[in-house]
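Enquirer: Residue numbers (my numbering), protein chains in the order written: chain A, 1 to 197; chain B, 198 to 394; chain C, 395 to 591; chain D, 592 to 788; chain E, 789 to 985; chain F, 986 to 1182.
You may find that some hints are simply not true.
Unchecked claim - DSSO-like mimics (lysine-lysine), calculated; alpha carbons at most 30 Å apart, straight line:
no.: 1; chain 1: D; residue 1: Lys725; chain 2: A; residue 2: Lys41
no.: 2; chain 1: B; residue 1: Lys226; chain 2: C; residue 2: Lys435
no.: 3; chain 1: C; residue 1: Lys435; chain 2: D; residue 2: Lys620
no.: 4; chain 1: A; residue 1: Lys41; chain 2: A; residue 2: Lys134
no.: 5; chain 1: C; residue 1: Lys435; chain 2: F; residue 2: Lys1026
no.: 6; chain 1: F; residue 1: Lys1051; chain 2: F; residue 2: Lys1117
no.: 7; chain 1: E; residue 1: Lys829; chain 2: F; residue 2: Lys1117
no.: 8; chain 1: B; residue 1: Lys263; chain 2: A; residue 2: Lys29
Hints listed in this document are in silico derivations from the structure and should not be mistaken for laboratory results.
Note that the structure is predicted; figures quoted are calculated from it, not measured.
Number of protein chains: 6
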Amino acid sequence: MLHTIFFLSSLLIISSHALVQDFCVGDLKAPEGPAGYSCKKPSLVTVDDFVFTGLRAAGNTSNIIKAAVSPAFAAQFPGVNGLGISIARLDLAPSGVIPMHTHPGASEVLVVTQGSILAGFVSSANDVYLKKLKRGDVMLFPQGLLHFQINSAGVNSIAFVSFSSPSPGLQILDFALFANDLPSKLVEKPHSLMMLP
Amino acid sequence: MLHTIFFLSSLLIISSHALVQDFCVGDLKAPEGPAGYSCKKPSLVTVDDFVFTGLRAAGNTSNIIKAAVSPAFAAQFPGVNGLGISIARLDLAPSGVIPMHTHPGASEVLVVTQGSILAGFVSSANDVYLKKLKRGDVMLFPQGLLHFQINSAGVNSIAFVSFSSPSPGLQILDFALFANDLPSKLVEKPHSLMMLP
Amino acid sequence: MLHTIFFLSSLLIISSHALVQDFCVGDLKAPEGPAGYSCKKPSLVTVDDFVFTGLRAAGNTSNIIKAAVSPAFAAQFPGVNGLGISIARLDLAPSGVIPMHTHPGASEVLVVTQGSILAGFVSSANDVYLKKLKRGDVMLFPQGLLHFQINSAGVNSIAFVSFSSPSPGLQILDFALFANDLPSKLVEKPHSLMMLP
Amino acid sequence: MLHTIFFLSSLLIISSHALVQDFCVGDLKAPEGPAGYSCKKPSLVTVDDFVFTGLRAAGNTSNIIKAAVSPAFAAQFPGVNGLGISIARLDLAPSGVIPMHTHPGASEVLVVTQGSILAGFVSSANDVYLKKLKRGDVMLFPQGLLHFQINSAGVNSIAFVSFSSPSPGLQILDFALFANDLPSKLVEKPHSLMMLP
Amino acid sequence: MLHTIFFLSSLLIISSHALVQDFCVGDLKAPEGPAGYSCKKPSLVTVDDFVFTGLRAAGNTSNIIKAAVSPAFAAQFPGVNGLGISIARLDLAPSGVIPMHTHPGASEVLVVTQGSILAGFVSSANDVYLKKLKRGDVMLFPQGLLHFQINSAGVNSIAFVSFSSPSPGLQILDFALFANDLPSKLVEKPHSLMMLP
Amino acid sequence: MLHTIFFLSSLLIISSHALVQDFCVGDLKAPEGPAGYSCKKPSLVTVDDFVFTGLRAAGNTSNIIKAAVSPAFAAQFPGVNGLGISIARLDLAPSGVIPMHTHPGASEVLVVTQGSILAGFVSSANDVYLKKLKRGDVMLFPQGLLHFQINSAGVNSIAFVSFSSPSPGLQILDFALFANDLPSKLVEKPHSLMMLP
């Protein structure tokens, strides 16, 4: 045992130098770069940087879409910073819908854990891929494509969605088109942008 | 409406050429390259390529570890091929454990959907990050590091784990060390590899 | 000079083995993978694989949007395969518009070479970035975000747009929403997907 | 409409957290990392960060090469920071030439917008790919390979060149070899480096 | 010659702006991000940032494993920061062994420069790839897989190992399992993690 | 022990499906893509795919440069295919020189194992980084930049060079400029390309 301790101390010198890139917990107050947030000092990192408890409870679905998206992206869950993955919780009350949206720069995997969900995406070729998903079913939404989820059960449905990016973004269609500050002239003629002759 | 149709046909010519990289559903029988499987022909792709129903039911936990890992990686779920993400289901019967293992080349995000799980990972600096997770809790395991999951509930526990790779691999420690075909001389002196003086 | 020839022949042996990844001109008939098309045999590659003459003339703008997109993506211009870049030509007749669209997985740089163009994009935060561009002006559209271009001159306008991908895709909004084969029930209630109360 | 406003405010909370990686406009005075400059604070970003007007006019070709390269790289055009693309303008007076050079770490796409240009690159196998390009023609120069452009018209020629990197670098051959501060002994015997026996 | 100088000054203006990403020598005291350390100011960079002399002498092998690993990773050799490569020196006294370990997130190439080494790795499929290497032999250890090296000569053996990452990490197995601060309950029942019934 | 066997067989089913991306030994006769060669079938892979013995002996330096480069790139050593690393051996007889060259798309780390070498590279800013290296010294050559190595000992010198790519390419300057098939008109006026007024 004495030997082991001796060995440990000699090798740990190596390790403490080489470890820096095991992870890079985001320091949300430090400079941010194209690859993500600056790293929190390793000596300050604890297990709680790698655990997120904010998805235990349902999000508030008392809104017009009767749905909620609760993200655990790098901004909420700094442990995923730089690691190419993140997660969110979807809550869909009866008749709830996550309207047509994209995640610029991330693919998504959805798994239903309660209820049932009708989900779909639209490809660049304008094909629709649509499926009613039961509990335990998984669906893949390729990077950057428009997609949506609709509660197809009479009860609350829940899903967890994972992303191939720690900061996948979220661009909801009607926000983008109708709730923004486009010049009034454009707003009056939305068909010029939307092709609705 | 006539106009729209006219417009559609003229633009679809562009689209049908440019779309090829929306996704690349894996053709498991065609040549495979470093980036993944060859793509199934787009004309043969259906919504079922993007849906995986194999995680509905619990895996078989009647084994020595009282646990099961059910993967939806590119080999089982070709829709994720090339998209930088995949998923698996963990089932842990009472006292079940997923023993110490790594995923070479992928980070992992775990969410508990039933029961409770004690999970941990070990960093290169030899620090242990250990937490008891309740239903809805999320934990992050950085790329390539040793980690494990233990059922900490008296009942069956379930988790879904997502990976930052469509083919994350799975190297379980005692397999690697004791169940392989190392020369007998090495097997007789495993401490020379394992540092157990 | 004799020396040089001697030297050439000895070193070319090295070179001919090591060169394979200078480029990978796409073989459109061979298997395709997540990273792009299979490579044409180097011995068959000529300079014409790296030159594209299809953008000399204006595209046909006799359509409802009075505009044309002429792509030189990997499918049309196999020389860009695997090299992380491609280009297209935009032609906008008076009143022409490229309607709101995204390129899943690619950023875009536009340069106006004739006329003037009003261009804009919408961020995930629902902010609009809008500018009237003169000849020689450059505008950047970040990856995956909704954007559009409108002719703001009384004459034909031309722009060249480059992409950070050899196959950037092209998802035009009203195609995605109204010209696809969504179930009639959904089509009748598009507001459930589009949030138009 | 009331409903919409209600909905907007509830969802924008999500969006404002998750958006950070839509873009990362470079802050040229903040620390720089391997992936690019630190990001300007999103609240300070305006459309002018995404527009570059410095390429409207011809560069100064009153020099020995009768040519000018006007870059819109991350250092001049911070909007491209982290987005894998940039652009530059080439002006070639009659007899003008951009001498043999490389861009370490970026492929290039050139489009001729005025006049005509003789362009070429040399592969690792020592093959030359050479073509005279007319207005509207596109040529691809694979990453890191030596290439050049020569005005082949009797008038000024113009091209726009795009790169698969926001900071493609530019290493011009005769600079590298003859204008640097190599020890005089080496300079006196350049053939020892250049193989000109 | 006058002409050249004139030309140099005009072109260097371009160059000095565009060069920033030739390299990013790590500034170990500045913020670190997911892609590596912040860059040292180019004006402060000298050739010594790109040269590492710490591998001239053998590491100290007077320890229980009779072996030493001397790293030249980004933390010791900041010149490799952001460039996707690093190197280390292995010294193995007679009977020396580098015990089973992984490098999370990096592949490794080893070349024997003195003596002879028995090296091996274990795949996810639990296959062992084992070989006795002579001087000049090269062996490849794929990313993230468990591997080891044993001196198979009666004298000191030396190898240089290169990595596909500037900060490859180093997770030695028995450290990870037995020298860490796992709760005593787990330590008393290591078989629950290690599967040794 | 019985238990272990039982457990192995149940888990190996998982493993055998999920392992495919541990490595991708290149099948040099199958289609090649932008990311590298197609993968050899895992069942045909042996340890010899990961071992390269071609660097044991010195390369032939009986040539005009009195030097030899012996590559172990993907084309010679298919085990590195897709793994982001490769290696080569340099032999420099007295007065030997590896003339100015670049590796398009790869950084290089050199370690001297015999003799002494004067090495240098030129940055885009036209700065020269030059150093005389002794045995055991390491030098880094950033991606795509011109560099060279000269024997600075009176005896044979040896170095091993590693690359951040399995197929780094090799573009030697005087080949590129003088030994190729440029049109005679250009060859007669090489200064128009090389800027030697």
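Enquirer: Quick one: which hint numbers does this structure break? Sort them smallest to largest.
Expert: Structure breaks hints 1, 3, 4, 8.
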